[in-house]
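In the order they appear, the protein sequences are chains A and B. Residue 19 in this note's numbering sits at position 19 of the first sequence, with consecutive numbering throughout. Take any residue in the second sequence, count from 1 to its spot, add 52: that is its number in this note's numbering.
Worth double-checking, as some hints may not be accurate.
[Unchecked claim] Within a straight-line C-alpha distance of at most 25 Å, the following computed PhoX-like cross-link-like pairs (lysine-lysine) qualify:
{"hint": "1", "chain 1": "B", "residue 1": "K54", "chain 2": "A", "residue 2": "K33"}
{"hint": "2", "chain 1": "B", "residue 1": "K257", "chain 2": "B", "residue 2": "K54"}
{"hint": "3", "chain 1": "A", "residue 1": "K33", "chain 2": "B", "residue 2": "K257"}
{"hint": "4", "chain 1": "B", "residue 1": "K54", "chain 2": "A", "residue 2": "K47"}
{"hint": "5", "chain 1": "A", "residue 1": "K33", "chain 2": "A", "residue 2": "K47"}
None of these hints come from the bench; they were simulated from the model.
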Amino acid sequence: MTQGVPSEWQYVAGAYLVVFVTVLAWVAIIAAKLQRLQRQLADLVEKARERG
Amino acid sequence: MKLAALTTALMGAAIGLIFFFAPTDADQGFSQRIFYFHVPIALTSYACFGWGAWKALRYLRTRDERADLESYVAIHQGVIFGALTLITGSLWAKASWGVWWTWSEDQLVLFLVLFLFYCAYFMLRFSVEAGVQRASMSAVYALFGVVLIPVSFLAIRLSKKFIHPVVFTSHGPQMTHSQFFVFCVSWAAMLALFATLYRVELAGKRIDGHLRELRELLS
């Protein structure tokens, strides 16, 4: 436990931090998925062009 | 984009109000501020499961594949909000009661049962091959789960011995006007967050489906 900081403050900070980190992780996952979809779309456009 | 901006604004306003406007609770002290996120997150998870069940019912009536996907995404969001409810609740319990968890509380145990029930939804869904059978089984399961929502919500009111605080009674919310205002802003922020995450995840899943279809057409 950090000296000088009441423990209930730590629990409140912990609760809000958990929510923040979860939302951040979710955004990171979606960003990664978006990049993957963009790559796949580019590949498909390339294939379609090759076919004429 | 507008929804994401609204969510960010509401979330910022909620955090500002929680820490700089809401009065410190005379009984529970500073730890009571967890309430402003914990309860809206729990109510939002109920809304997610309810929305998922509504979409499941729509699927069973219309056999529209879009409704099946919408039901799945809503339940997925509900499980995320449910996990956050359990974590923030556990932190609040430790700060307020001195324990992380207690099995003697009906409200806690029933919420855990509801959460685990919807976790099992994914085990069922991914154990069956994609198609009409999977969508129908998932829809029926989602509809069964929704019955647990009122039970979980009312458990605290039906329980005779409890330590979990009862904020909303038949006499209205048991808090000051300023506390209730902050609670409403926080809940609006959580609902907006759910709406944003739901729409983004749904859009991603739909694009994924279209790309798969396109790949099959080109191969």
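| Proposed proximity, K47 (chain A) with K33 (chain A) (alpha carbon, max 25 Å) | Distance of about 21 Å is within 25 Å: holds.
| For the pair supplied as a hint, K257 (chain B) and K54 (chain B), is the alpha-carbon distance within the 25 Å limit? | holds (21 Å)
| field | Satisfaction of hint between K33 (chain A) and K54 (chain B), Cα-Cα up to 25 Å | value | Answer holds: K54 (chain B) to K33 (chain A) is near 21 Å, not above 25 Å.
| Does the structure keep K54 (chain B) and K47 (chain A) at a Cα separation of 25 Å or less? | Outside the cut-off at roughly 35 Å; violated.
| message | Checking one constraint from the list: CA of K33 (chain A) to CA of K257 (chain B), max 25 Å. Satisfied? | response | Answer holds: K33 (chain A) to K257 (chain B) is near 10 Å, not above 25 Å.
Hint compliance for this structure: hint 4 alone is broken.
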